[in-house]
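Participant: Using the sequences provided together with the hints, build the complete structure.
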Amino acid sequence: MQASQKLLQNQLKTMLKEPVEGFKVELCDDSDIYKWRCYIQGPPDTPYQGGIFQQKWSFQSYPFEPPTLTFTSGFWHPNVESNGKVCISILHAPGEDEMSGERPEERWNPTQTPETILLSIISLLSDPNIFSPANVDAGVEYRDKREAFKVRVKKLIEKANAALPSDFEMPKPKKIEVPSTPIDNGDYDFEIEEDDSYEEDVEEEEEDDLSGDDGEDEEADDE
Amino acid sequence: MDHVDSSSFSMSDYERQQEEIESETKSSPIVGDKQSIESLRQAYNPDNEQVQKKINELIQNYSVWRTVRGDGNCFIRAFLFSVCEELVLKKDTTKQKHFQSVLKNSLESLVNLGYPEMLLDDFYSVLDDLVTEIGEGKIKSVDELQQRFVDPDTKDAIICYMRFLISAYMQLNGDEYIPYVLGTTDHVTMDSYCKTELEGMYKEVDNIIVSATCAACGVSLRLECVDAQNRDSTQQVQTITFPDQSEPTIFMLYRPGHYDILYKR
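Protein sequences, first through last, are from chains X and F.
Just so we're aligned: the first sequence equals residues 1 to 223 in UniProt numbering.
Just so we're aligned: the second sequence equals residues 1 to 265 in UniProt numbering.
Bear in mind the hints are in silico, worked out from the structure with no lab data behind them.
For each residue, glycine too, the CB sits at the ideal point set by N, CA and C.
Heads up, some of the hints might be wrong.
Claimed, not checked - Computed footprint of chain X on chain F, listed as stretches where at least three residues anywhere in the stretch have a Cβ under 8 Å from a Cβ of chain X:
| id | stretch |
| --- | --- |
| 1 | 119–131 |
| 2 | 156–162 |
| 3 | 194–203 |
Facilitator: Here it is as structure tokens:
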């Protein structure tokens, strides 16, 4: 078995065991490890919210060259070509396409994985790069006519969802990294009744974590 | 290619040319056979006196050369092949053990620098196995070594690991290299330099990386530079040795943008 087949099989196994929230990956055809299908849930607070889009991933010379990612139903995004091909910097080799304005450190290298690609897709959908559009029309519409852009994407959401298999289900991620509410273990009093913003809560939590065993100081302050 | 005025080109011309270059590159051997240095002449116009003079000079010191595919990996591939070839021919156990410990230490350094061990280990083990097999006498001849260098399961992994090995060395010895990086590139950190200029496959390397490769592996290299320029010196071929003043054990021919292997008379 080729080394790249073994590597991809391991990575597929990891992704099936620990799915990334909002994504599902599978093989297009069980006999071909080099072709993956990826379902992508449109991230909240983006025009793509509510849609589940399908992509084909083709790993020809992985990991030495990046895979190609192509949306299989129509897609409208400044950094996706009209044929569905995704143009993001980590899918380009260093030195390729120097004029694109992409930052060099985000380029492909053989330690990138399907998981790092997924993280880049989230950022692609949430924050299009309109300075180097692969689809200029979509870039201009996103910049100047956001409402028209949203209407167009809405139609594509309906089309994409209609193309889903009838038994389709998004996997639930097993790991939840950030607890939604601070765990009160009785050591500290969180003043949550004042309804601080979420960010302030997080900051407070971090400070407490950093102080570690120095809890005594804080107790002294409290008194 | 970089110096051609792109405005006079339509995109399809450019793409066609890129495809031509690509197919030409792919038809040349990854590591070629040894051949007489006279064949180097054929690559040049016989009327080009400047270059012919330089080739005459080369012939005094070198009889044979070996081509390496010009796919951006040529320096690293030529370097690694020469190092392994010496191990195969001289059967020097101390040198073999030393190179193997360089490999092992670099993997530890990379993990300490935060690189994913699981992924790097796949590339590392391919190169480590190769060097082990040389040490155990399983790879007995240079022909067998050449076979391994073009084997689909080996050819990319070993180059890939060398790139990370050099990257780790440069990052750990950043003080030494950062002045050159700041002086000759747009990068302001070693990290961004290594990620962009070194770690990706098919990226041509510059002199800073050539120097670091020799230092990282404890190998002395001499480059013989042949270009079309007239030098204001009795010796027309410019010679550079890494590290400076050392006694070289491997030799390469450098023509702008490309490296091949040379063999001393």
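Participant: Give a verdict on every hint.
Facilitator: A quick look at each hint next to the structure:
1. 119–131: holds (count 5)
2. 156–162: It holds, with 3 qualifying residues against the three required.
3. 194–203: This one holds; 8 residues, not fewer than the three required, reach chain X with a Cβ under 8 Å.
Hint compliance for this structure: no hint is broken.
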